[in-house]
Amino acid sequence: MDYPTELGFNEKPSTVMHLDLNSCFATIEQQANPHLRGKPVAVAAYTTGSGCIIAPSIEAKRYGIKVGMRVKDGKLIYPGLIVLAPDPWKYRNVHLALRRIISDYTDNFVPKSIDEFVLNLEGYPSFDKGMLEVAREIKERIKKEIGEWLTVSVGVAPNRFLAKTAAGLHKPDGLDEINKGNFRQIYSGLTLTDLCGIKIRNAARLNNLGIYSVLDFYKAPYFRLKTAFESILGYYWYLRLRGWEIDDVLFARKSYGNSFALPKPLISIEELSPILSKLVNKMGGRFRHAGYKAQGVHLSLAYRDGGYWHKGMTTAKVLFDSRDIYKVALRLLTRCPYRKAVRELAVSVFNLTSETSLQLEFFDDLEKKKRIVGAIDDLNERWGDFVITPARMINTKEVVMDRIAFGGVKELEEFTTSLSEGG
Amino acid sequence: MIEKISVPVSVSLAFDHTKRRVFPKWVVWDGKTYPIEKVGLHHTYREGRTLYHVFSVASKALFFRLVLNTETLHWRLEEVSDGLPN
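Line by line, the protein sequences give chains E and P. No gaps in the numbering here: position 9 of the first sequence is 9 in the working numbering, and each next residue is one more. No gaps in the numbering here: position 48 of the second sequence is 48 in the working numbering, and each next residue is one more.
A few of these clues could be false.
Derived pair list, reagent style EDC-like, types lysine to aspartate or glutamate, alpha-carbon separation capped at 20 Å [unchecked claim]: (1) P:K38 to E:E148; (2) E:K143 to P:E37; (3) E:K369 to E:E355; (4) E:K340 to E:E270; (5) E:K144 to P:E37; (6) P:K19 to E:E270; (7) E:K293 to E:D364; (8) E:K264 to E:E344; (9) E:K39 to E:E148; (10) P:K4 to P:D30; (11) E:K39 to P:D82; (12) E:K180 to E:D324; (13) P:K60 to P:E3; (14) E:K293 to E:D324; (15) E:K254 to E:D364; (16) E:K75 to P:D30; (17) P:K38 to P:E71; (18) E:K311 to E:D324; (19) P:K38 to E:E145; (20) E:K112 to E:E245; (21) P:K60 to E:E11; (22) E:K39 to P:E3; (23) E:K317 to E:E355; (24) P:K38 to P:E79; (25) E:K171 to E:E137; (26) P:K19 to E:E145; (27) E:K293 to E:E245; (28) E:K39 to P:E79; (29) E:K144 to P:D16; (30) E:K370 to E:E381; (31) P:K19 to E:E148; (32) E:K12 to E:E140.
Simulated DEER-style distance windows between Cβ atoms [to be verified]: (33) E:G384 to P:P8: 15 to 25 Å; (34) P:E37 to E:A204: 47 to 57 Å; (35) P:P8 to E:L360: 25 to 35 Å; (36) P:I5 to E:F386: 21 to 31 Å; (37) E:T315 to P:I5: 41 to 51 Å; (38) E:I394 to P:I5: 52 to 62 Å; (39) E:M313 to P:P8: 47 to 57 Å; (40) P:L13 to E:G38: 21 to 31 Å.
Bear in mind the hints are in silico, worked out from the structure with no lab data behind them. For each residue, glycine too, the CB sits at the ideal point set by N, CA and C.
Start from the sequences and build out the full structure, keeping to the hints where you can.
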């Protein structure tokens, strides 16, 4: 296929808006607790010293505290750092409130993560107000209707990539547009690694071909980008930087998984199997609720010494019952050649299918099994997760807590559907 | 300092129909009444079919996480904080 390679910057007006809630989890915590406002706050996966910081507040960022740092390192930088455990439902509620505001302006929007939305106003009456005016209005409504401490950075551009880039220009609380009139000026103020998707290795690839700045990147002819990336990615970058859309693809869910970082170093299968059972049951409930079945199980173990082992297995039978998934996962666990202290245990199912009819089996009564699993799921839904569990899960009450992904948005489908069903 | 607790408390909840706002006015905890000065955030979650309303509120010096069980209409205090690091 021939691609157009003599393109200029897209002449189309900016119709895409990228909205990014600044320091999402930490800001929401400051919104909830006014006594934390203006103070360095960090939300960490675990509040213990080796817990990982997943969201520093704007004030904490000013001290150099970053996402991914350990809590103890954050406290070394600023001893007065207030560390909080995540409260997923708080963030999900704010996400839904943001979703409600945005849907007043367009139906054509995609949540890119818990704190990021992409809106396209093309063809909607709100577009006539002007993109920047709509952005200002949304900012104001967020403060008024959700919380006065919340700020969003907004970017406006002809495509998603440039809208995201624009949203990153002035954080927090920014509002910028990249269009055919100002893109050269904005590109000249950016470095290659300021672009989302270009980190050191990609920057080095570009440097090898004499591309040192974003303006060089923009001016580079297609064949040079093709050489740099050695793939179709070169063409994607060619389009992105010229304001043409290439990132409006939605990827389907390919797997469901749950993981747990062990607070104690467990070694033996007997010690690990109750946790494995809980992970499988949690995951089973989620993927059945979404209407899936699977034909593969994957298990991975990260060890305290830095080592890692994983194994996947496709199955001939279609799996939906957590007990069957557990059997496969346990078989994988017994195949693990290492017996050393485990740091993190993760299990997932893949080869998802949403087929409703199943191949009948000679020895197993599948219909009966379906009804039992359905009844257990109904009970857990009515009375709360893990009301009915396998006996081997005894003593796992505190493990595998509710967690929130701050990168992906796949889990959002689960709680938005469960909320709308619940009313 | 943040203290996670779970104790029954008395709460007065008001509804202003003109502004369509619901807000706790005071909380009685440990024999002391704390007037609520600010509602930071209100959110909900479900455990099974039971819907819980969570009010994150602040008195003059303290923060309270107040949780209303909509099945029993009973309140619990789940967290107290003075906004200082642990």
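Hints, one by one, checked against the model:
The suggested pairing of P:K38 with E:E148 holds, with an alpha-carbon distance near 12 Å, which does not exceed 20 Å. A hinted pair counts as satisfied when its Cα atoms are at most 20 Å apart, and E:K143 with P:E37 qualifies at roughly 18 Å. Distance restraint check for E:K369 and E:E355: the Cα-Cα separation of roughly 16 Å lies within the 20 Å cut-off, and the hinted pair is therefore satisfied. In summary, the hint linking E:K340 to E:E270 is supported, as the alpha carbons are separated by about 13 Å, within the 20 Å threshold.
Proposed proximity of E:K144 and P:E37 is supported: the alpha carbons are some 18 Å apart, at most 20 Å. For a cut-off of 20 Å, the pair hint linking P:K19 to E:E270 is broken: about 58 Å separates their Cα positions. For the given pair, E:K293 sits about 17 Å from E:D364 by alpha-carbon distance, which is consistent with the 20 Å threshold. The straight-line distance between the Cα atoms of E:K264 and E:E344 is roughly 10 Å, inside the 20 Å bound, and the hint therefore holds.
Note on E:K39 and E:E148: the hinted pairing holds, with a Cα-Cα distance of about 16 Å set against a maximum of 20 Å. Distance hint between P:K4 and P:D30 is fulfilled; the C-alpha atoms sit about 15 Å from each other, no more than 20 Å. Under the criterion of a C-alpha separation no larger than 20 Å, the hint pairing E:K39 with P:D82 is consistent with the structure, at around 13 Å. At most 20 Å may separate the alpha-carbon atoms for a hinted pair to count; E:K180 and E:D324 exceed this at roughly 57 Å.
For the hint pairing P:K60 with P:E3, the CA-to-CA distance comes to about 17 Å; that is within 20 Å, so the pair holds. In summary, the hint linking E:K293 to E:D324 is supported, as the alpha carbons are separated by about 12 Å, within the 20 Å threshold. Of the pairs offered as hints, the one joining E:K254 and E:D364 is violated, with about 27 Å between alpha carbons and a cut-off of 20 Å exceeded. Simply put, E:K75 and P:D30 have alpha-carbon atoms about 33 Å apart, too far for the 20 Å limit, and the pair is violated.
Pair hint P:K38 plus P:E71 does not hold up; C-alpha atoms about 26 Å apart against a cutoff of 20 Å. A hinted pair counts as satisfied when its Cα atoms are at most 20 Å apart, and E:K311 with E:D324 qualifies at roughly 17 Å. Proximity of P:K38 to E:E145 is assessed by CA-CA distance (about 15 Å); at most 20 Å being required, the pair is judged to hold. Distance check on the hinted pair: E:K112 and E:E245 sit about 16 Å apart at the alpha-carbon level, within 20 Å; holds.
Of the pairs offered as hints, the one joining P:K60 and E:E11 is violated, with about 55 Å between alpha carbons and a cut-off of 20 Å exceeded. Restraint check: the Cα-Cα separation between E:K39 and P:E3 comes to about 18 Å, which is no more than 20 Å; the hinted pair holds. Proposed proximity of E:K317 and E:E355 is supported: the alpha carbons are some 13 Å apart, at most 20 Å. Between P:K38 and P:E79 the alpha-carbon distance is near 16 Å, which keeps this suggested pair within the 20 Å criterion.
For a cut-off of 20 Å, the pair hint linking E:K171 to E:E137 stands: about 18 Å separates their Cα positions. The straight-line distance between the Cα atoms of P:K19 and E:E145 is roughly 12 Å, inside the 20 Å bound, and the hint therefore holds. With a C-alpha separation of about 34 Å, the suggested pairing of E:K293 with E:E245 is violated against the 20 Å cut-off. Between E:K39 and P:E79 the CA atoms are separated by roughly 19 Å; this keeps the pair inside 20 Å, and the hint holds.
This hinted pair checks out: E:K144 and P:D16 have alpha carbons roughly 17 Å apart, not beyond 20 Å. Distance hint between E:K370 and E:E381 is fulfilled; the C-alpha atoms sit about 16 Å from each other, no more than 20 Å. Between P:K19 and E:E148 the CA atoms are separated by roughly 17 Å; this keeps the pair inside 20 Å, and the hint holds. Of the pairs offered as hints, the one joining E:K12 and E:E140 is violated, with about 27 Å between alpha carbons and a cut-off of 20 Å exceeded.
A hinted range of 15 to 25 Å holds for the C-beta pair E:G384 and P:P8, which are about 20 Å apart. Between P:E37 and E:A204 the Cβ separation comes to about 55 Å, which falls inside the hinted range of 47 to 57 Å. Taking the beta carbon of each, P:P8 and E:L360 are about 53 Å apart, not inside 25 to 35 Å as hinted. For P:I5 and E:F386, the Cβ-Cβ distance of about 23 Å falls inside the hinted range of 21 to 31 Å, so the restraint holds.
A C-beta distance of roughly 46 Å is found between E:T315 and P:I5, which places it inside the suggested range of 41 to 51 Å. The given range of 52 to 62 Å is broken by E:I394 and P:I5, whose C-beta atoms sit roughly 26 Å from each other. Checking the proposed 47 to 57 Å range against E:M313 and P:P8 shows it holds: the Cβ atoms sit about 49 Å from each other. P:L13 and E:G38 have their C-beta atoms about 29 Å apart, which keeps the hinted 21 to 31 Å range intact.
Violated hints, listed in ascending order, are 6, 12, 15, 16, 17, 21, 27, 32, 35, 38; each of the other numbered hints is respected by the structure.
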